[in-house]
Amino acid sequence: MIALFTDFGLEGPYTGQVKAAIWREAPNVPIIDLFADAPSRRPMEAAYLLAAYSDVLPVGGVFLAVIDPTVGSDRPGVAALVDGRWFVGPGNGLFELLLRRGAMVETYVIPAEAKMISPSFHGRDLFAPVAARLAKGVSPRDAGLEEGPIPRFADWPDDLAAIVYVDVYGNLMTGLRAGALPADVSLAIAGQRLERARTFSDVPTGMAFWYKNANNLVEVAVNCGRANILFNQGIGGAIQIVPQTP
Amino acid sequence: MIALFTDFGLEGPYTGQVKAAIWREAPNVPIIDLFADAPSRRPMEAAYLLAAYSDVLPVGGVFLAVIDPTVGSDRPGVAALVDGRWFVGPGNGLFELLLRRGAMVETYVIPAEAKMISPSFHGRDLFAPVAARLAKGVSPRDAGLEEGPIPRFADWPDDLAAIVYVDVYGNLMTGLRAGALPADVSLAIAGQRLERARTFSDVPTGMAFWYKNANNLVEVAVNCGRANILFNQGIGGAIQIVPQTP
Amino acid sequence: MIALFTDFGLEGPYTGQVKAAIWREAPNVPIIDLFADAPSRRPMEAAYLLAAYSDVLPVGGVFLAVIDPTVGSDRPGVAALVDGRWFVGPGNGLFELLLRRGAMVETYVIPAEAKMISPSFHGRDLFAPVAARLAKGVSPRDAGLEEGPIPRFADWPDDLAAIVYVDVYGNLMTGLRAGALPADVSLAIAGQRLERARTFSDVPTGMAFWYKNANNLVEVAVNCGRANILFNQGIGGAIQIVPQTP
Numbered sequence: 179m180i181a182l183f184t185d186f187g188l189e190g191p192y193t194g195q196v197k198a199a200i201w202r203e204a205p206n207v208p209i210i211d212l213f214a215d216a217p218s219r220r221p222m223e224a225a226y227l228l229a230a231y232s233d234v235l236p237v238g239g240v241f242l243a244v245i246d247p248t249v250g251s252d253r254p255g256v257a258a259l260v261d262g263r264w265f266v267g268p269g270n271g272l273f274e275l276l277l278r279r280g281a282m283v284e285t286y287v288i289p290a291e292a293k294m295i296s297p298s299f300h301g302r303d304l305f306a307p308v309a310a311r312l313a314k315g316v317s318p319r320d321a322g323l324e325e326g327p328i329p330r331f332a333d334w335p336d337d338l339a340a341i342v343y344v345d346v347y348g349n350l351m352t353g354l355r356a357g358a359l360p361a362d363v364s365l366a367i368a369g370q371r372l373e374r375a376r377t378f379s380d381v382p383t384g385m386a387f388w389y390k391n392a393n394n395l396v397e398v399a400v401n402c403g404r405a406n407i408l409f410n411q412g413i414g415g416a417i418q419i420v421p422q423t424p
Numbered sequence: 179m180i181a182l183f184t185d186f187g188l189e190g191p192y193t194g195q196v197k198a199a200i201w202r203e204a205p206n207v208p209i210i211d212l213f214a215d216a217p218s219r220r221p222m223e224a225a226y227l228l229a230a231y232s233d234v235l236p237v238g239g240v241f242l243a244v245i246d247p248t249v250g251s252d253r254p255g256v257a258a259l260v261d262g263r264w265f266v267g268p269g270n271g272l273f274e275l276l277l278r279r280g281a282m283v284e285t286y287v288i289p290a291e292a293k294m295i296s297p298s299f300h301g302r303d304l305f306a307p308v309a310a311r312l313a314k315g316v317s318p319r320d321a322g323l324e325e326g327p328i329p330r331f332a333d334w335p336d337d338l339a340a341i342v343y344v345d346v347y348g349n350l351m352t353g354l355r356a357g358a359l360p361a362d363v364s365l366a367i368a369g370q371r372l373e374r375a376r377t378f379s380d381v382p383t384g385m386a387f388w389y390k391n392a393n394n395l396v397e398v399a400v401n402c403g404r405a406n407i408l409f410n411q412g413i414g415g416a417i418q419i420v421p422q423t424p
Numbered sequence: 179m180i181a182l183f184t185d186f187g188l189e190g191p192y193t194g195q196v197k198a199a200i201w202r203e204a205p206n207v208p209i210i211d212l213f214a215d216a217p218s219r220r221p222m223e224a225a226y227l228l229a230a231y232s233d234v235l236p237v238g239g240v241f242l243a244v245i246d247p248t249v250g251s252d253r254p255g256v257a258a259l260v261d262g263r264w265f266v267g268p269g270n271g272l273f274e275l276l277l278r279r280g281a282m283v284e285t286y287v288i289p290a291e292a293k294m295i296s297p298s299f300h301g302r303d304l305f306a307p308v309a310a311r312l313a314k315g316v317s318p319r320d321a322g323l324e325e326g327p328i329p330r331f332a333d334w335p336d337d338l339a340a341i342v343y344v345d346v347y348g349n350l351m352t353g354l355r356a357g358a359l360p361a362d363v364s365l366a367i368a369g370q371r372l373e374r375a376r377t378f379s380d381v382p383t384g385m386a387f388w389y390k391n392a393n394n395l396v397e398v399a400v401n402c403g404r405a406n407i408l409f410n411q412g413i414g415g416a417i418q419i420v421p422q423t424p
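Chains D, X and Y supply the protein sequences, listed in that same order. Here the first sequence is numbered in my numbering, starting from 179 and rising by one per residue. Here the second sequence is numbered in my numbering, starting from 179 and rising by one per residue. Here the third sequence is numbered in my numbering, starting from 179 and rising by one per residue.
In case anyone wonders, no lab produced these hints; they're calculated from the structure. It is possible that some hints are incorrect.
Unchecked claim - To give a feel for the contact side, a few chain D residues facing chain Y, derived at Cβ under 7 Å:
| id | residue |
| --- | --- |
| 1 | Leu188 |
| 2 | Glu189 |
| 3 | Gly190 |
| 4 | Gly194 |
| 5 | Gln195 |
| 6 | Trp201 |
| 7 | Arg253 |
| 8 | Pro254 |
| 9 | Gly280 |
| 10 | Ala281 |
| 11 | Ser317 |
Ideal placement from N, C-alpha and C gives every residue a C-beta, glycine not left out.
Chain D extracted, bound-state conformation (with noise of 0.2 Å):
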């Protein structure tokens, strides 16, 4: 199985031109479709999305990421498998969460040859292909990796603390993981502070909260309302972590 995890837009040719790559290589291999709006051009908060969401496919699975501002430029392309999951993108530090966390972690990277592909369309030229072969069950030599170390982006947090994803509702997810603060922490956000809850059904209508979401991160919501119009916040805004007293 494979799953698309980019900012390419719900709308126009480019998830699907992608998917036909994938199925020339690869016919009928499912692909699920993620996230087409992950964060535009932005690989950092990016990247804690996408590691809040490797357990969707089963190990075995690979993940197809392209959060690429700088495409065309000397950015490698890259490869790593991370206790079974293939995630195959930008060297940009898209994986960099997935491979500080993950436990068996290999790294690769796609060799620049003088392909025929397009500066401007790597997920279709250079990306699809090789994560096809990867869902086939192939060798990394023989879907075209080659073994070696990808960038790394050390300053980056092992939480973070900001806004990495504006949902369909108006809820806003979080790069802080629920599981590495204190159960019943409070947070704050645009100078107002919020409290755990369950769920939105165990709040009045109206109030915001954050909550542990169905994959982990800490989201700020409001039962029945839009949290990214009550506060003002979207992609990058901060959250607080409202110190506890003993």
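On the provided structure of chain D, position chains X and Y as indicated by the hints.
Only chains X and Y this time, still in chain D's reference frame:
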């Protein structure tokens, strides 16, 4: 075949996660994205819409329908077999019209086990696995169902004189079946009278009319225009049936 | 493999119903969502766009193309086999450039039988079953086609100096093939001159340029910006080719 009927929205990871959950249980079962923008948080309007689209799948097909504003509360998870097609989702009235109109009906509940399910994402954790097993053809019991009654909403009308969906062209689908009205009845919306036409190209540019849409619902449209803007109406907006003079 | 090229929009049930109709006839044939937002109600602009994307499918593939503002009128349903790929849809010029540029071309019409088809949804009821049968590899006759000429639009230019698509990033695709222009010609849009660049990362942030996009069309873009907003242009907007001084 499985069809998805949800208010998850087009963006974000929700539909993709549901598909991954289905394919883990039933690899390669074809999945149709029918509606990801069914009436948000409005099970009643959604119920009339779903009933009109139940023949999209052949007999044996499974609808996974999730309009679930009270997810995490004590509303039950349910399933129904109606004239050979399965419907799986929350027991909040979403299947009311199907049950009422069906000739052969069986109803089931999904026992609330002590499962590791997210309180905010029953679509992925509770309903998708059941739908996948039913699509594979296992027995209701093996799919995780128990025979039993499901909540009914006897006060809802047989046809709903209100808008249940606004499509991408601005057309206004109603909860009225065209076959339930006199053939050439006049309707009214926002104080303006509408006559029936066969299709768009049969009326002048800019003229509003009503017609039997491709799923046999009464739909209000404007040739080369947007009825939702012309009449300033959305989901829940009322339609009047103009009395006929003998 | 079947690719969908329509103006059905991303929302709502239209694409899903077409897929269900295809899979009833050709179970499990892979379907690519290429464009659901092709130029709405504009077969001419759509024709140049479709021609540029015809190599998304391998030989043997089938394009189901529905930009059909006069559905229900007497415009014929047609199909064309162009250099090994099938195109099925309305006979309103949508395949004009494909026919003109193809080396091996066969044309067919879909007889208007007394079928139970909706006057407003030929994509589902007329074109999808034909496309599905062709994708299975049956003969044109068994797919429901008759050999015959299809309407031609001889006054349309070979390349169109106008915008045919605005993508999710605000880039402006034109109906000009890059290979049909002198390599370093200057263009102009909204009175502003544009020079050619290889790709986004080759120009400074905020600079507008034109480049050969990943499908060999001339595309106007702004590095880290939105060309549609900068130039206030949309579908149909004119592009000028600046005369070269010798």
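Exercise for the section: Determine which of the earlier numbered hints do not hold for this structure and return their numbers in increasing order. Expected result: 7, 8, 9, 10, 11
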